[in-house]
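Same order as they appear, the protein sequences are chains F and R.
Just so we're on the same page, my numbering is the position in the first sequence counted from 1, plus 45.
Just so we're on the same page, my numbering is the position in the second sequence counted from 1, plus 39.
Treat the hints as calculated values from the structure; they're not laboratory data.
All values derive from a computational prediction rather than experimental measurement.
Ideal Cβ placement from N, Cα and C applies to all residues, glycine included.
Errors might be hidden in some of the hints.
As the list claims (entries may be wrong) - If you want a taste of the chain F side facing chain R, the calculated C-beta under 10 Å gives, among others:
| id | residue |
| --- | --- |
| 1 | Val105 |
| 2 | Leu130 |
| 3 | Glu131 |
| 4 | Arg134 |
| 5 | Lys135 |
| 6 | Ile137 |
| 7 | Gly144 |
| 8 | Asp148 |
| 9 | Arg161 |
| 10 | His162 |
| 11 | Gly164 |
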Amino acid sequence: MIPPTTDTSDQPIIRFADVHKRFGSLVVLDGMSLDIPADRTTVIIGPSGAGKSVLLKHIVGLLQPDRGNVYFHQQRINELSERQLEPIRKRIGFLFQMGALFDSMSVGENIAFPLRHQGIKSEKDIQQVIHEKLAVVGLSGSEKKMPGDLSGGQKKRVALARAIAMDPEVVLYDEPTTGLDPIRADVINELILKLKEELKVTGIVVTHDMASAFKVADQIVMLLNGKIIVQGTPEQIKTMENEDLRHFIEGRANAEDLKALHRL
Amino acid sequence: MPLEFLGNICVSFVLTLGDFVRFFMTILTGSLRGMDRFDLREMFSQMFDLGTLSIPVVMLTGFFIGAVLVIEAYPQFHALGLASRLGSVTVLSVVKQIGPVLTGVMLAGRVGGAMTAELGTMRVTEQIEALRSMAADPVRTLAVPRVLACVVMTPILTVFSDILGIFGGWLIAVHVQGINNDQFWHYARVGVDIYTINTGLIKALFFGLAIGVIACYKGFRCGNGAQGVGRACTEAFVTSFIVILMLNLVLALLLTNIYVMFWPNQAPIL
Ligand SMILES: Nc1ncnc2c1ncn2[C@@H]1O[C@H](COP(=O)(O)OP(=O)(O)OP(=O)(O)O)[C@@H](O)[C@H]1O
Ligand SMILES: [Mg+2]
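When you get a sec, could you build the whole thing from the sequences and use the hints?
Printed below as a string of structure tokens:
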């Protein structure tokens, strides 16, 4: 008989256990459970308003579950104080859906912010990181621009550069390719793959872009009605016989979705 | 149900007050923890924004109110044959009341609104969450520098307002009403001592604290969308305005009593 393994390398890096979250009377997460494996990319899909962004915010403690637990490296992180969350947050990069760039700071200062705040870099190293990360997202030379002067897609890419500035061990990407042209979007896909392969970054990608999802994912999960309804590798997902999933990935509206249109 | 309605109002008032007190405590502990060089830079840029740029406004309003004060007071003092004492009245009212209150109200409108709008917009666009996600404490990086800037700048601006208020009063008294210049200054000097001046500045300090904390609180708790930001600004202004007037009353009572306690034989002048 094989003895029970004590090796933790195949333990999930992030784990949701029966998480419930509601805002007033609106139930967003309803007993959701999910394991995120380390060093892999997990893609989360689901209709608009399903609670994907809410899910990501639980991982860094920006939101706390009403019931259930969230774990990071087996450590229960809900109910930690803001101060206790700091060491965990330093290890996670977060690309917000709307970018959330600090609009009183230039592009360069935005990217430098996490570095300076954690006080571990000389000014020369900081300039080096800014230069490097801007090149990676295809915006070399925009250090001095202000966020207000950038297009939507450019803001998104600066925000991505800021999220990876600290070389975090986990990166949460909330719709990284939305608002980008197809070529830029593919560059971002390659970036996500490269971070995983070369720096062993654990990625969690929320997206509506199915081409991107199939390209970057090791695991795809679908969030619907506050629960994970399907989970599998891209190959399994492509052939899975779940009706909601098929509708979603093929981009077909069903009769219910179109009912309002017919009344026009 | 009017009773139920009243109950709800009371409950929500107590909850808000509790939340506000907790916020105030985090700002206090945040200020005591000290600031790194970026927080300091933020504080100086706020001091410039709210301080330097407010000087002209504060001086202008101070001047006009000081001048009007003398115009209105002159006939009564003249009738009593005390016109020469206008110096005391002017300086005393300007230094103790008009300077600090006027500065506080101007700053509540000019600065409090802008600060609430900025922080509220940051909240609505998830910038405050972004700060937290990068292990930065928004109270420490945003609120503490702003509150301290208000606390430092309000007394300084009050001095500017005082100077122009006295100048406005002097201009009317001496050059329009024809009061003797030496007499004006003589009574001005008799009327104020260092304690009076401190009274005004201590008031200003508390007004600054109120403006800063209320503006940050309303910004951090702002509702969604452009409408939420707008409403937060209005609320911040109205609340700080009322709080300034209430603090003014409380501090006037308190500081006058302290004065009487230390100098029992010397009734406050006027
Ligand atoms: N702080 C909040 N307060 C109240 N309601 C919220 C809050 N955050 C999210 N919600 C609500 O929770 C639901 C899920 O929001 P969420 O942003 O997670 O959706 P999503 O799956 O990311 O959608 P999309 O694909 O459009 O970004 C929405 O109905 C939203 O209105
Ligand atoms: Mg979202």
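Hints, one by one, checked against the model:
Annotation: interface hint on valine 105(F) holds; nearest CB of chain R at approximately 5 Å, less than 10 Å. The closest approach between the C-beta of leucine 130(F) and any C-beta of chain R is roughly 8 Å, which is under the 10 Å cut-off, so the hint is satisfied. Against a cut-off of 10 Å between C-beta atoms, the interface hint on glutamate 131(F) holds, since the closest Cβ of chain R lies about 4 Å away. A distance limit of 10 Å between C-beta atoms decides the matter here; for arginine 134(F) the minimum to chain R is near 4 Å, and the interface restraint holds.
A distance limit of 10 Å between C-beta atoms decides the matter here; for lysine 135(F) the minimum to chain R is near 5 Å, and the interface restraint holds. Proximity of isoleucine 137(F) to chain R holds as hinted, the smallest CB-CB distance being about 7 Å (cut-off 10 Å). The interface hint given for glycine 144(F) is met, as the beta carbon of that residue sits about 8 Å from the closest beta carbon of chain R, less than 10 Å. The closest approach between the C-beta of aspartate 148(F) and any C-beta of chain R is roughly 7 Å, which is under the 10 Å cut-off, so the hint is satisfied.
Annotation: interface hint on arginine 161(F) holds; nearest CB of chain R at approximately 6 Å, less than 10 Å. A cut of 10 Å between beta carbons decides the hint on histidine 162(F): the least distance to chain R is about 5 Å, and the hint holds. Checking glycine 164(F) against chain R: minimum C-beta separation of about 7 Å stays under 10 Å; hint holds.
The structure fails none of the hints (numbered hints given earlier).
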